[in-house]
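For reference, the chains in residue letters:
There are 4 protein chains.
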Amino acid sequence: MRLWGASTSRSLDPAFERLNASLPFDRRLYPQDIRGSIAWARALARAGLLTLGECDAIVTGLDAVKAELDAGAFVFQFTDEDIHTAIERRLMECIGPVAGKLHTGRSRNDQVATDLRLFLMEVWPQIDHRLRELEEALVAQAQAHIDLLMPGYTHLQRAQPIRYAHWCLAHAWALERDRERLREAYPRLATLPLGSGALSGTPFPIDREGLARELGFLSISHNSLDAVSDRDFVAEFLFIAAMIGVHLSRLAEDLIFFTSAEFGFITLDPAYTTGSSLMPQKRNPDALELARAKAGRLVGHLVGFLTVLKGLPSGYNKDLQEDKEPVFDAVDTLEMLLTVLPGLVRTMQPQPERMRGALEETILATELADYLVRKGIPFRDAYRVVSELVEESLREGRSLSALPLEVMRRYHPAFDSDVYGALDPEAAAERRSISGGTGRAAVEAQIRALQARWNRSLQASPCSQEIK
Amino acid sequence: MRLWGASTSRSLDPAFERLNASLPFDRRLYPQDIRGSIAWARALARAGLLTLGECDAIVTGLDAVKAELDAGAFVFQFTDEDIHTAIERRLMECIGPVAGKLHTGRSRNDQVATDLRLFLMEVWPQIDHRLRELEEALVAQAQAHIDLLMPGYTHLQRAQPIRYAHWCLAHAWALERDRERLREAYPRLATLPLGSGALSGTPFPIDREGLARELGFLSISHNSLDAVSDRDFVAEFLFIAAMIGVHLSRLAEDLIFFTSAEFGFITLDPAYTTGSSLMPQKRNPDALELARAKAGRLVGHLVGFLTVLKGLPSGYNKDLQEDKEPVFDAVDTLEMLLTVLPGLVRTMQPQPERMRGALEETILATELADYLVRKGIPFRDAYRVVSELVEESLREGRSLSALPLEVMRRYHPAFDSDVYGALDPEAAAERRSISGGTGRAAVEAQIRALQARWNRSLQASPCSQEIK
Amino acid sequence: MRLWGASTSRSLDPAFERLNASLPFDRRLYPQDIRGSIAWARALARAGLLTLGECDAIVTGLDAVKAELDAGAFVFQFTDEDIHTAIERRLMECIGPVAGKLHTGRSRNDQVATDLRLFLMEVWPQIDHRLRELEEALVAQAQAHIDLLMPGYTHLQRAQPIRYAHWCLAHAWALERDRERLREAYPRLATLPLGSGALSGTPFPIDREGLARELGFLSISHNSLDAVSDRDFVAEFLFIAAMIGVHLSRLAEDLIFFTSAEFGFITLDPAYTTGSSLMPQKRNPDALELARAKAGRLVGHLVGFLTVLKGLPSGYNKDLQEDKEPVFDAVDTLEMLLTVLPGLVRTMQPQPERMRGALEETILATELADYLVRKGIPFRDAYRVVSELVEESLREGRSLSALPLEVMRRYHPAFDSDVYGALDPEAAAERRSISGGTGRAAVEAQIRALQARWNRSLQASPCSQEIK
Amino acid sequence: MRLWGASTSRSLDPAFERLNASLPFDRRLYPQDIRGSIAWARALARAGLLTLGECDAIVTGLDAVKAELDAGAFVFQFTDEDIHTAIERRLMECIGPVAGKLHTGRSRNDQVATDLRLFLMEVWPQIDHRLRELEEALVAQAQAHIDLLMPGYTHLQRAQPIRYAHWCLAHAWALERDRERLREAYPRLATLPLGSGALSGTPFPIDREGLARELGFLSISHNSLDAVSDRDFVAEFLFIAAMIGVHLSRLAEDLIFFTSAEFGFITLDPAYTTGSSLMPQKRNPDALELARAKAGRLVGHLVGFLTVLKGLPSGYNKDLQEDKEPVFDAVDTLEMLLTVLPGLVRTMQPQPERMRGALEETILATELADYLVRKGIPFRDAYRVVSELVEESLREGRSLSALPLEVMRRYHPAFDSDVYGALDPEAAAERRSISGGTGRAAVEAQIRALQARWNRSLQASPCSQEIK
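Chains as they are written, first to last, in the working numbering: chain A, 1 to 468; chain B, 469 to 936; chain C, 937 to 1404; chain D, 1405 to 1872.
Certain hints may be false.
[Stated by the list, open to error] With a straight-line Cα cutoff of 20 Å, these simulated DMTMM-like cross-link-like pairs (lysine to aspartate or glutamate) come out: (1) B/K843 <-> A/E54; (2) C/K1311 <-> C/D1265; (3) B/K534 <-> B/D524; (4) D/K1728 <-> B/D797; (5) B/K843 <-> B/D797; (6) D/K1728 <-> B/D524; (7) A/K324 <-> C/E990; (8) D/K1779 <-> C/E1261; (9) D/K1779 <-> D/D1820; (10) B/K843 <-> B/E856; (11) C/K1002 <-> C/E1058; (12) C/K1311 <-> D/E1458; (13) D/K1728 <-> D/E1421; (14) D/K1470 <-> D/E1526; (15) B/K792 <-> D/E1458; (16) A/K324 <-> C/E1261; (17) B/K792 <-> D/D1733; (18) C/K1260 <-> A/E325; (19) A/K375 <-> B/E522; (20) C/K1260 <-> A/D329; (21) C/K1260 <-> C/E990; (22) B/K792 <-> D/E1526; (23) D/K1779 <-> D/D1733; (24) D/K1728 <-> B/E793; (25) D/K1728 <-> D/E1739; (26) A/K324 <-> C/E1150; (27) C/K1002 <-> C/E1116; (28) C/K1260 <-> A/D332.
Since the hints were made in silico from the structure, they are not lab data.
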């Protein structure tokens, strides 16, 4: 069955029919399509366009069709070009001509936009929840190893000692920003297009606010032409997904280094590594490599869809059918990554000796400079003095703390015997007690600040009261 | 001068020096860099690391350096690798060794992140304002021609009559979503990284909340390692810019059609078209074509930067230096487009006769189907009947309203003499009085709803109270 | 079965197993995987690592496995992580322990690169062929309507008269460049990685040239580390696909305009349009809109994969597993589009009256300027004179040819009575007899030049003799 | 001066004028624009449209204008909207009204396409040359350290021993593919559009082949409409640039690891590293990080421009003006990177002890398996046996070669006293003497094969004879 055309005699080029068909992917929207249709039938009844009996027949019929789909018993037909058609066709078979009243005042244009929004409205809390699980795993690592030090890196060069917990939390904060973006985008997503008809609004007295409430939307669209053209919510989702992907790729990159033989800072639970088909000794961090790579895929979906939208005329254009596949794939990709990574992070084992072994003394050069600053030497001068000292120590093959005081004094008279106390990684970390710093109390405060945000929910979003 | 290295004797490969230098583009950040340094000097003084006299000398010196830069009198040197170095070098020349105290406890890593955030914090209200100007121009068109009808299009085929005002407003709502995104992203942008040092926090007792207040930030970063690695605010800006670009490209595409000879719906003021170097008769809508094309450029910047971030280790990496050029270019691109388009829209002239001429009767076929629905015919049957009627009318070369009632009745007995009243575009539009529809009252309500949003300001953002 | 790990006791996190599994998509490579394994078995036999009997057993077993896969009778198991594993596992079940000799000296790293190259080597001539079919359809249109004139557009404004055939051929030449790119990239694609082992080469005396010949490769890779890391051939394919997509999107955009009611230049065969679910009168050019939109998807795949490759260490990394899905989807997308569009183009009907009706006289303004040039007036002066004439004609509401000679002479004395002959679209087109121009003979020469290129084949590629 | 418009009285919105102006970036094309104009003047003379005297005057005038531009003495005016206008305006000032004859039969549409192609035709051999310089530097490293072994990595885990030379050459081969792509794309680039007029061809008898020869083009375009619309050569250049960027990012990533303290395989010459503004001990590989990051920028340019092209109508559209900036930036980016990296690579120092130290024995596990294969054990069985041996050795904390023969025999009776000979990295590498392998002779053959390709030139391209 087609939902259009005067006669069944008209035949399409089969290749075109295949290109045109969205059923292979949009069938995934059947629960949303049926929920939307049930709400629409009730709205038609309230508007006097269906009798209560007709409405009941349609709702019961749709429930039956849904049961068939849930059970995998629904038989799709070659001519079902999309899920909307398939469901309406089956409804017609089940309940007869009254099914023909369901599409009154509605168009596939507002219907499909409603379906996809409903789908994402269900996805939102799932992603939010999984992001939080990964944050929790990072926090658990931080708490379990609160006093473990490791080198912090810039330019992949050892820079200054930091807490391992601080490194864990850095990644958690990035994910928390992703949750914030989800929360903010939700009210825009949860805006009901239904009732916009093909483009100009429906001519029947539908209660759109009631429809929105029934379907869980927070507000209704203000312009019917915009409502059927607008796919900002898709682009915005794909952007948030790409940002999550980028954050996971950065976490993965750090962990790929840290689990290499050369760093050896962390070992992964064997449940998250694979072997080689050729080399018996290998333990490959495939999960991390995939986490790094999937960012590319997610960026690709974002760009691909922005390119689809670029230069598109207003109103519904078939180009918009390209919205579903990237959404589904991005949802599945995030779901897979965010199911694996919390377990991987929770079970990974930091290796204290390897971390401590990497805290060579030159990493404390800043401490020496700050020591001089505290003695009143301008930082630039202190910096130059310490640079020379570091060069001396490298030239002599002696660690900084092995340089005798008189050698240090040759570089600057302000050095005194308390200088050796500055060359302690623990003390260096503790000196960063400023808010945001790597000192223990600061890190503990960080954890509390992060946990406090977990209690914010999507529901408590500031715009959630918008609908009256 | 370089800010690093024990001796000036060390020489770099000149080609590398050129690759490495960011001065050619980051000099644009000098006002922000100097503001940040003044606030930092004061924070150092409050922390007891500078005497009041030293602080005054530094602040006065920085003011003088800024005056030189403002006046174009600042002489850059070959060895100034970035704007931070250039300013500190000049400060040293102006006020002597005390300048060497300014960089105490600070790193270029937290400094440059602060500068770029300050820059965008100034850009934000400007873009917001220009978006609103374009919305105002669209609303002005809508109000001036509130009763003008035109065909609404789907698939670039005439679909149903809509108000020209409705078309104008559809584009305005898209821009309003862009303003919403700006408003929401602002608190994330206005988060102070300064005080994070190179990566582990500053070891001196700096009052970061005070710094934030002085510089206009809304909150302070929670993790120093994240603070120097985080460029989400750049990616988020580039995404918002790309979405604005996409919206402008869609508006431009509509207008390019509408101003073509074939549509002829709108004429542009000659101040916004150009001629041809070869063809004397041409009036080319270059401004619109550029508006359409610039979306590509903005999408390119977004993708380029996400690709830079993908797989980047945490901590500062030089890769992040690639953040500035796309930001500057996106800002300039938006600024140019959003300066031109409000004027173009305000001065464009809709052509009522051409619009009316395009409202051929088949555009009212939905009205006939809805007519039958009101008589109790299921929509699917009504649809089929009208499809056949349309085919008859095309076959006979007669308009729908020229079909005699008995012909109509041959297709369905429910047709009655009041059917001809359904075939009126004005009435068709007025029937869409539902909220979001193209009926006059609905459109007027839309305008009020949009205007109500204009009063929301960036400042009133829900998170703006976050800083204590 | 896993191809790695000492014991089956080791258990993976099921979520990770799902993330890691490539079987859901790489099963598509089974014909190539089996072809590659058969060739490998024979190479092992020639190298003395298999007896002829063992080799026969393996080859016969692989044929049997292939027959199962062809028939859909192959039963995949939960633990088959990829198609290579599944096939080797089944082979083991079929022929016993000798199957364990097949993987000698081979790694999945060189195996999978070989499979994917083989897959694309089969795809290449198919795409090439379909591109040519679309060119043929465009040429058929050109030939059938060789004398039909229409306005040529720049900036979507009527510019100068051109042959409809010229417009058809412009799109054909773009596709011909795509075919050229395919042809050039083929030798790089048809480079055999097999024999590279995991990364360092196989330690057994395999005849790689013989392997290449047997599998249809044109040359062998020169560096085993590069051979397992290199995915240039994937990126290059995705670029060619994106370029094809862009070309099809431009053709589609032209046709979407031309089939709109406002242009009315072309009507599509009903086999390539759809109706509306709400509006009975609609004929929507969905095929064209999809052709326009799919460019976005193809660009997305290209970018996504380049982003995967960015910053990837050399050697095989699991990230490379992301190569297959974009390749498969790009192949399917091109295959669908290029199956539909030749039929659509072949059956579309140009509408001569609408085209002629659009050839208003101002489109001939350049002719007037060139007329003056022929009388010795510098072009810039001629241009200015004609601009003023065009303004006069528009002001007076008279066509250019309706302006009396004395009026024209007021603008320039060189106008003479032969000027009216310049105002003929046919003559204007014929004056463009230069090579590449829209004159009839030039267009016919174009067609011959294009057809001459069709005889070049992928096989005759200049590099095809590279293998000795 | 504007090249269009009847009167100077018409005023543009200044903001639009700024948006529209391409002079700020297209001025870079002045040498190409003047070369093209000189050739055009001569072609007009040969066609009888200019007298020899007029032609001489124009050519001399253009030379003078070029001299002004070369000397930086050319004064641009506010109304010069692009470089073409600026040059023609100045020519008019210099030689009077005869300058007005230069634009005869030409349009900016074919002129600007010619200019940009000429620009890239000059860029091509420069990039080709620099790529080769980087290959030479890699080959020089390979030759200087032909016997140095290091671990080869897959999944960033130590996999098998390879020659350092093999690793160097892997990157060289990737660059060689880039050179191949340049060579192949050149004939498409070197196709002359001039003579296409605005879109339909020039009506004057211009000798286009002669023009092509004079300007160094290899062929002429076949369709004037395509010629002014076609920007494939831009997209193709941006793709090649993005691929080069990706290759450099992978080389950079390897080197960033290898120069980290943890790997310590390579030290960079201090001329290619920088220090930290805060941490005196740092040696940061900024050049490598920028090389990694610039891939993002180049990918961004590619995507941005493909997005511009997507859905663009045929004929010239102002959107195409967006072609120049990404081209210029990509050229400059490549030029900078490819000037720095050859020196960096040439001067870097491999650290033999660190490399050797990383060749722990488990890296030779594959050798043990292959040892058993040589004794007739099926590879899968051998693999399992060795996996168990590796586990035993790790459990016992003994290296593989420290396991007594009787222990080995407990795992498989085929082990014999010659097994210890298999555990030698040098021998393992030498066993890979197959073509493409890491054996010494194979690596030397690789170097010869690569060098042989250097002699191929852009000129010797198979299509270079195409023009008659």
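Failing hints, ascending? Numbers 2, 5, 6, 7, 8, 15, 21, 22, 23, 26 and 27 - these are the hints that the structure violates, sorted from lowest upward.
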